[in-house]
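Residues per chain, in single letters:
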Amino acid sequence: MLADFGFGVLIVTFLVALYSVIAAILGERKQSAQMVESARRAQLLTFPLLSLTAGVLIYLLVNNQFDVSFVYEVTSRSMPTYLKITAWWGGQAGSLLFWAWLLSAFTSAVTLRKWERDREFLPWVIVVSSITLAFFLSMNIFFENPFARFYQIAGGVDAYTFKPAGGVLVTPQDGNGLNPLLRHPGMIIHPPMLYLGFVSFVIPFAFAIAALVTGRTDDRWTRLTRRWTLWAWLFLSLGLVLGGRWAYDVLGWGGYWGWDPVEIAAFMPWLAGTAFLHSVMIQEHKGLLKHWNMILIMLTYALVIFGTFLTRSGVLSSVHAFAQSAIGPMFFGFIGATFITSVALLIWRWPELQSETEMKSMLSREAFFLLNNLLFLSVLVVCFWGVIFPLVSELFTGQKVTVGPPFYERANGPLFGAMMALMGIAPLSAWGKSTITTLGRAIWKPTIPALFVPVLAYLAGYKQPVALVGFFLVAFVIFVTLYDTFRSARARQRAQKEDFFTALARLAGRNRRRYGGYIIHISMMLMAIGILGIEAFQTETQGTIAQGQALQLDGYTIQYNEVASWDDPGAGVNYTRAVVDVSKDGKYLGQLYPRIDFYFDSQQTMTIPGLRSTLQDDLYILLVDWQPVSAGGATFKVYHNPLVNWLWVGALIFITGMLFAAWPDKDPSLRPVRASKHAVEPSAAD
Amino acid sequence: MQRTKFILGGLLILAAVVYLIVSSTQASAEYFMTIDELKTEGPDVIGKSLRASGAVIGDTIQYDPQTLTLSFEVAHVPGDNADIEAQGGLAFVLHEAVIDPARARMKVIYVGPKPDLLRDEAQAIMTGHMGEDGNFYADELLLKCPTKYEEAVPEQIEG
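Chains S and E are the protein sequences, given in the same order.
Going left to right, the first sequence walks through residues -10 to 675 as this note's numbering numbers them.
Going left to right, the second sequence walks through residues 661 to 819 as this note's numbering numbers them.
Isolated chain E, as found in the complex (with noise of 0.2 Å):
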């Protein structure tokens, strides 16, 4: 008797757990996508909760302290970590992305402070989601800057 009133506690539990981690799932997902699906996918996704990355364009940066709206460009890099790394790490590939002019560009907005790591090349990774003028609205925005961190080589030296 004493037995079965705790295994019914227990798969109470275990099903208050499920409900929870599922529902609360459903509820907080974040679509990862990249620059080039986000163009082709068109009005699809507007309204969904996206993440998005991409290689900041140094040149495109505005940003407007009196409203405090920040924007600028962002190009197409791979999404997935093994084809950076493939096609010869993450720094080499920002480089890469933001001087191709083929590359797929798309404008990000975010009103905010301004981070203290944007600039040229870095990676940019956007969460928010699209709207209907093709920008990307961004409520969270992280950055990397590859070249900083990762590189073991004093470049003073170099060449």
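The shape of chain S in the complex, shown without the other chains (with noise of 0.2 Å):
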């Protein structure tokens, strides 16, 4: 009964996102603001529709209704009611309706902002939104709908939308339960986090394209978004960097991304988010790459839907997987509709769009900022090719060949360590025209320092070439950017006569872009240290060894101290631990706990590794085997991951940038800055 329920409240979404979007468009046409009033009315009404619809669902999701196929594949009687909730987005179905929903929640948001000033971009926005919502919506009506039970006919079980004729209703005792890798903190957040940053990158997407229909093709659409674009690419930093961080902790191979074309599918929409970010900057301050601006963010709503369409049912999919579903097609289809007609209308408007200015000079601030847009996209190309290689392969050899991890490495190893030079240099130029002497002067003083750091390195141990060039950029950044800092702080010192952390704090409370930039900057090069540690000096090794025994890997010794195993009946889990002594040069350093989790329902194994972190190298420790007491040996394999802490202490760092970037304020970006287009721009705003 509920479930029907919950899917007739479906379906009045679905009819309702459409209404939005005819009375939309017909309210533009005939120029009748109460018909686009209706349409806004009706596209804020899926939110509290589809909230009661994700609301049932949670219901039978927490109540066992295991007659419904979608609870029965994502839950068991045996997890805890969080884990129940969550089980929303654990399964294709579900996520799909999580994305409806975040996207809904999104756009209201959005249209219940002040529209004085932008009237004529509200039908538009309304339009690409509701559309985008529709599709999302009638995936789950017609393909995967989270509501469908089970009935038994003639021909067996099987789950249908509505009861078909004959058909018993069938309730089983216990549900599949959650695949146990999924049943981790990191998976909470990480797939809200990318849902959260895929779906805020609509907005943006919608406004280029009311300010191509409209013809206001000056860069309101950028202004109005841009803390949309900032917001949408931190959640989806975020959730790529959790995504590394529960591979780390949870797959248990001593790394945290493998090049997967899972993974690939979630880079790819942050890559060409990361350039447009770049370039509105140049656009909003030179008036230059504006059909490049509209191809990004065209680009990246396309990857956006395709990302989503890759990672909805969580890592354990391949690409495979995904030809059995009709919903395969579907999403290429919408993807190949959207982009053709976005890059109609930039055709269309191509005209309008020309640059008011030129790019003068090479060493100018946009000269830079276009190539940080080019090396972004080249990485962008790299994986894509990547990810296509076997099918284009297939099509002219007939041998299907793929690539793996080292293709990955090898082709964006240069690009990566050409955009950390560039993170370094690119800041201090000026908009217009720099010279060779002014960046000189800018940067010779802290790369004298950053030339000694892999040189210490080596002293230290870090013998690997590409490794000490990449410490060396790290350096060279990290001591450019505080190096800037500090002198533009000591000059409105000087020029304010305030004490030097009053200038530097006002200083960057009212440039917060620029400096908010920069931390996200110095935050990337820190994870930059940690992915190098990682790739570069990662050592491993693996023994079986009876109690007592000890085995040796860098200095560190690992004893085996004792094992044991017991059943958790109410969690459904039977627990192996093992207790290991390790010291490192003789010190004694405490105890780690590498686990082996048996989760009776899924009949899976999960190995847990004794993780020792700290900020020099992290311990890895994980129980392969193990033999009962009597025999006494385990076997156990050991990674030691120098640097790889870094990581994270960078992502935490990054969070903070960006927050000092995007939180709100006065909104000094909705000021009329640009009223005449040449003119000299307020330092504030860079």
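If you are wondering where the hints come from, they were derived from the structure by calculation, not from laboratory data.
Positions of the beta carbon are idealized from the N, C-alpha and C atoms, including for glycine.
Any given hint could be a false lead.
Partial selection, computed: residues in chain E whose CB lies under 10 Å from chain S [to be verified]: (1) SER684; (2) ASP724; (3) PRO761; (4) ALA762; (5) ARG763; (6) ARG765.
Restraint-style ranges between C-beta atoms, simulated for each label pair [claimed, not checked]: (7) E/PRO703 to S/ALA449: 42 to 50 Å; (8) E/GLY794 to S/HIS280: 37 to 45 Å; (9) S/ASP570 to E/GLY669: 53 to 61 Å.
Assemble the dimeric complex from its two separately framed chains, guided by the hints.
Shown next, in the form of structure tokens:
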């Protein structure tokens, strides 16, 4: 009954979304403010409706309604309530609904804003967001209904949306349960973060389309959506980092990123979005690259939908599992249709998007931004090539050839290096024109201490050449950024007669985008330290040892102490936990407890590492196999991951920088700054 | 003059990216082959980076915890997903492959922790190379158990 009600509300929401599209178009056509207002209200109505649908689904999940096939697939009686709730996005039907719900929330937030000066955008923003919403809802209604139930008919048991003729409702005793790999705090936050990022990129896209349709092709749309873009980027970045952390904690291969197609699918919109985030600044400052920004946001949107499609059912699906679902062709159809429509609009408005000035110098800020864009897109092309290469090779040679992680590392490595160098140099250059002399003056002092860093690293035992280049770039960017901040604060200190820290605080407070960006650049460098550490210096050992014996790795001694195994019937899990004593160079450091969890309902084991984490290195111990006490042997695999913790430290600083740049304030971005397009920009908008 | 410079710069970047992609593709290409193909090609494939998939035969799984050496046999399954679908889905194809004694089989050797999902009728996707002894030496081992994730129908009420 309740499931039918949920499905009914879903259909009503779908119709309301369609209505808002039609009303918005008609209202715009007939110049009827009333009609547009009606579309806006319909759009706003989708959020409470979808919340109701979601509430029904959560109720079913929490109350073990296993006659509903989605509930059966993702929950079981033994799961705690919070996991039953988060199982909402643990399967594909639910995660599509989750996506739609988030999108509805975000578009509602947008349509609630005051529209006075931007009235003409409103109908088109509604059209774009509601079409996207209707598409996702239609996937739920026609292909992946989270409310379908099991019925027994002559041919066997299957899930049906409506009761088939002669069907008898079937209620299983217990559900399959969420895949144990997904029962981890990281997995609870990771998909919502990723989805938040995906969904918020729909908003700038909707405004871009609105700008194209209405012909209001100045940079109003980028200014209106700047914060959305920043938040979208924050969430997407966090989603990626959390995914990496989850892999590190749960998957038990001592790594955080494997260049899996699903990971790349989430990484590609991030690349396009990052390029967009940077290049809109050139448009706002110089009136350049307007076509380019449109292309980037269209690309980001297309990749967001593509990424949702690939990642929606979590890590365990590979690209190949999708062929079975009718949803694949629908997604590709939708991506194709929206992309072609947006490109057609862009071509139609092409002449109106001419640049207002020209790029004059190769060393200007705008030229560096352009280079940054090209680098991000190059990485995107590399990733895309890697994903589609098997298809291409099969098409042309008949032989399916695939490329693995070495391809991505090798092809992207130099590009990442160039990006790092650029992060150091670009912020120092001036808009319009810089010379080698002015740039050199800002750079040479911090470069000298940066040169010492790889030397020190070499002496400390980090001898891999690529990593040493990387360490130099990290130090270079951090020192240059700090030095530039220091110089600006000093200049302000002298000019305003303030003390140094007041000057620094006011300087940063009034140029939040610039200094937020600086913090983010530094955080990226810290993350780079972690990545270089684990990529270049990871070591591992493995062995089977008896109680009291020890393994050695990089100065660490890992002594096998004991092992115990017990059932937890309430949780439906058998735990096997080993106790090992860790010491380094003879100094006792403590105990670690690598574990094997066996989940009865899904008959799956999960290997949980024992982890000792410091800023210097991580010791990552896996219990691979063990014998009953009499035999007394256990097999361990041990990884030594130098510096990897900086990856997570960097991520935290990244969030700080992002909040600093994006936190709502009196919104200087909405001031009519560019009344005269060639007016000198106040530095506060930097 | 500036324009030419920018165009030249752009071409330079393009050339660099193309070079990176082409050379990296060549350096890390892995050839997808089925077990039938590996068996018929013989010595030609020795040394090439390969990726193959097969159905795990549960009885043949052997694991030596002392050396962490894992060995098992896999039976041939079609390489093309469309074929697998046409023959009744992955779970069915894997099952058929395991019970059919006439299928080509290949021994796989892998050193490392025993993967959690390794079991009878799982699909193993191996990356590695063929040894001169006709065994497949895997550097990487991925496993998929279709029954567990894709079966929407509750078992206890079937039949």
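Which hints, by number, does the structure contradict?
3, 4, 5, 6 and 8
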